[in-house]
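These protein sequences, in sequence, are chains A and B. Each residue of the first sequence is one higher than the one before, counting from -7 in my numbering. Each residue of the second sequence is one higher than the one before, counting from 5 in my numbering.
The hints are simulated quantities; they were obtained by calculation from the structure and are not laboratory data. Just to be clear, a hint being listed does not mean it is correct.
Within a straight-line C-alpha distance of at most 25 angstroms, the following computed SDA-like cross-link-like pairs (lysine to any residue) qualify [unchecked claim]:
1. B/K78 - B/E153
2. B/K78 - A/G218
3. B/K181 - A/M211
4. B/K78 - A/L212
5. B/K181 - A/R221
Derived CB-CB ranges, DEER-like [as the list claims (entries may be wrong)]:
6. A/V176 - B/D85: 53 to 61 angstroms
7. A/F243 - B/S209: 52 to 60 angstroms
8. A/F243 - B/P114: 22 to 30 angstroms
9. A/W126 - B/Y23: 20 to 28 angstroms
10. B/T88 - A/Y226: 26 to 34 angstroms
11. B/D85 - A/F243: 46 to 54 angstroms
12. B/D85 - A/W126: 37 to 45 angstroms
Looking from chain A toward chain B, a few residues come up when the C-beta cut is under 10 angstroms (computed) [unchecked claim]:
13. P209
14. F210
15. L212
16. R215
17. G218
18. A232
19. P236
20. S239
21. F241
22. G242
Glycine included, every Cβ here is placed at the ideal spot set by N, Cα and C.
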Amino acid sequence: MRFMLRRVAHAAFLIFGASILTFLFASLAPGDYFDEMRLNTQIAPETISALRARYQLDRPLPLRYLRWIDSVIQGDLGYSFSYNSPVRPLLWVRARNTFFLTLVATLLSWGLALPIGVRSAEYLGRFPDSLISWTMAALLVIPELSLALGLLLFAARSGWFPTGEMVSVDFSSLSLVHKLQDLVLHMTLPVLALVLTALPLLVRHVRAAIADVLDAPFMLAARGHGIPRHRLLYRYALPAAANPLISLFGFSIGALLSGSLLVEVVMGWPGLGPLLVEAILSRDLYLVIGGVLLSTLFLVIGNLIADLLLYWTDPRIHADLVAK
Amino acid sequence: MSSEFMQPLIRVESVSKYYRHRRILSSGHIVHALNGVSLSIAPRSTLALVGESGSGKSTLALCLACLERPSSGKIWFGGRDIATLAENQMRAVRPQIQLIFQDPASSLNPRFTAFEIVTEPLVLQRRWKGRQTREQGFALLERVGLSAEMASRRVGEFSGGQKQRLAIARALSLEPKILILDEALSALDCSAQARITNLLLELQSSFALTYLFITHDLAMAAHIADEIAVMNRGRIVERGDPQKLLDSPEHEATRRLVAATPQSIITSRMLGA
Chain A
-7 MRFMLRRVAH AAFLIFGASI LTFLFASLAP GDYFDEMRLN TQIAPETISA LRARYQLDRP
53 LPLRYLRWID SVIQGDLGYS FSYNSPVRPL LWVRARNTFF LTLVATLLSW GLALPIGVRS
113 AEYLGRFPDS LISWTMAALL VIPELSLALG LLLFAARSGW FPTGEMVSVD FSSLSLVHKL
173 QDLVLHMTLP VLALVLTALP LLVRHVRAAI ADVLDAPFML AARGHGIPRH RLLYRYALPA
233 AANPLISLFG FSIGALLSGS LLVEVVMGWP GLGPLLVEAI LSRDLYLVIG GVLLSTLFLV
293 IGNLIADLLL YWTDPRIHAD LVAK
Chain B
5 MSSEFMQPLI RVESVSKYYR HRRILSSGHI VHALNGVSLS IAPRSTLALV GESGSGKSTL
65 ALCLACLERP SSGKIWFGGR DIATLAENQM RAVRPQIQLI FQDPASSLNP RFTAFEIVTE
125 PLVLQRRWKG RQTREQGFAL LERVGLSAEM ASRRVGEFSG GQKQRLAIAR ALSLEPKILI
185 LDEALSALDC SAQARITNLL LELQSSFALT YLFITHDLAM AAHIADEIAV MNRGRIVERG
245 DPQKLLDSPE HEATRRLVAA TPQSIITSRM LGA
């Protein structure tokens, strides 16, 4: 329990630190939302300075930060200039979509990486492993962007998959089964792009971790007891190899999340990605900060989950903490 | 106890094992780990297998325990040639021939408690159910000199000697006919060595066990074994009564081993035996 509290406190501190840095860097960038208005001769300079004063962009940085923190506590997360609305409702829908995409991609890539990696380690250096290793190496060298574009091209040429958005226009009029079908069709390409980019790294780590354990004498001893192959691999080798993999799990959430921002932009998935790009280009300060912070939050929570999983699955960490 | 007049429990006939070292471009070279080894062990006896490191002792142990398949040759056990069995049939034979390794710290699953380690083979083999498994588990721990309150401890909390006791208890849980001790005492200090040796001798008489005792320590071999076989470069080069082997070694490899063992230790161990 104390371990958990310490971890949660650690995560909260991390997010607080990230908020300061994000705010600082976003504010240090030259120019702001209203700079573009100056080019427009029809708007009087007095109007622009009045607007800047209204949004308090003329105040010193620490004061603006405090104001922003106040708005975070109230749940608004600041104010978007271009949407003319508090940031939270804007982010909320988008974040939900990104979270959904990342979650499915995470589950699917681990669901594939574990059996593939275990099989690869079992046949280390022989037939299935050599094929798997070459395939993964090939996937690893293809940049995420070209992969996503290639998939888009495939969708456009074949017409089998929709190329963009999350649901069809007539989504609300569909029956439940068709709704699900529609959603799955729209998700297939973005998820595929994410999974294919994440897979090589995961498979290689699983393979290495399992291969390490398979050589251990206790595995030999377990084989000597006549324990079946499948149980040996998944009940003995996998738990013994789990620790680095669970840490990798936390990391993979972050990797998939940052990957999803790019894939969303390319594939037109209505998540945080396109919103952030738009916000950055128009220097919509608080929207950028909110989006970045939300991504940080996902990442930190992912790592927190990994830490707790580690604590929960490894009896040795329990024992260590009790001893201390 | 002489093996000539008894039906051997396990008989190895000219077993060879090659390993191919593969390279990316060349076809690599072949390593002959075992080169036509023949030996037999009488029931309830102890055969010590001595030799320098790299002489093929451990490979032979793995072949006997059905964990490696020989490249050629036969291993007769229970009226069958176990060297050529299919994988799932091999799995059925494995419990009868148990291995104990040099380093108990790595041969025991670090995530299991002592009790789980001892009973896991039983549960998996579905020999017993629930309460019987519990009783059997505690009985095994007690048999090797570990108390009941140690049952819930994990591997890391045991000393080297206790870990090796645990490994022995685990091996015994499947009621094996043969116990292969691959340098099982080498990682222990002297007093633990002596206590485990006594335990092994005691277990041998109460469970009617047959031991294959693999070691590089000739004095230890002479103390525990009925017979000693000397291995060198994948072959058995000399075999015989411990006393005779020590007094008049014939092969060069044996002479080297005898020369490497201080005379005083040999005499004291022999007197002890």
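Against the structure, the hints come out as follows:
Using a Cα cut-off of 25 angstroms, the hinted pair B/K78 and B/E153 is violated, with the two alpha carbons roughly 45 angstroms apart. Distance hint between B/K78 and A/G218 is fulfilled; the C-alpha atoms sit about 21 angstroms from each other, no more than 25 angstroms. Our distance criterion of 25 angstroms between C-alpha atoms is met by B/K181 and A/M211, whose separation comes to about 21 angstroms. Straight-line distance between C-alpha atoms of B/K78 and A/L212 comes to about 22 angstroms, which keeps the hinted pair within the 25 angstroms bound.
Restraint check for B/K181 and A/R221: the C-alpha separation of about 23 angstroms stays at or below 25 angstroms, so the hint holds. Checked against the hint of 53 to 61 angstroms, the C-beta distance between A/V176 and B/D85 comes to roughly 55 angstroms, which is consistent with it. For A/F243 and B/S209, the Cβ-Cβ distance of about 56 angstroms falls inside the hinted range of 52 to 60 angstroms, so the restraint holds. As the Cβ distance of A/F243 to B/P114 is approximately 24 angstroms, the hint placing it in 22 to 30 angstroms holds.
A beta carbon spacing of about 25 angstroms between A/W126 and B/Y23 agrees with the range 20 to 28 angstroms that was offered as a hint. With their beta carbons about 29 angstroms apart, B/T88 and A/Y226 fall inside the hinted range of 26 to 34 angstroms. Roughly 51 angstroms separates the CB atoms of B/D85 and A/F243, a value that falls within the hinted 46 to 54 angstroms. In this structure the hint that B/D85 and A/W126 lie 37 to 45 angstroms apart at CB holds, the actual value being about 39 angstroms.
A distance limit of 10 angstroms between C-beta atoms decides the matter here; for A/P209 the minimum to chain B is near 4 angstroms, and the interface restraint holds. Hint status for A/F210 relative to chain B: holds, with the closest Cβ pair at about 5 angstroms, below 10 angstroms. The restraint placing A/L212 at the interface with chain B holds, with a minimum CB-CB distance near 6 angstroms, inside the 10 angstroms limit. Look at A/R215: its Cβ gets to within about 6 angstroms of chain B, closer than 10 angstroms, so that hint holds up.
The closest approach between the C-beta of A/G218 and any C-beta of chain B is roughly 4 angstroms, which is under the 10 angstroms cut-off, so the hint is satisfied. Among the interface hints, the one on A/A232 holds; its C-beta lies about 7 angstroms from the nearest C-beta in chain B, closer than the 10 angstroms criterion. Checking A/P236 against chain B: minimum C-beta separation of about 15 angstroms lies over 10 angstroms; hint violated. Of the supplied interface hints, the one on A/S239 is violated, with its beta-carbon coming no nearer than about 17 angstroms to a beta-carbon of chain B, more than 10 angstroms.
Checking A/F241 against chain B by beta carbon gives a least distance of about 18 angstroms; that is not within 10 angstroms, so the hint is violated. At a threshold of 10 angstroms, the smallest CB-CB gap from A/G242 to chain B is about 21 angstroms, leaving the interface hint violated.
In terms of the numbered hints stated before, the structure departs from hints 1, 19, 20, 21, 22, listed from lowest to highest.
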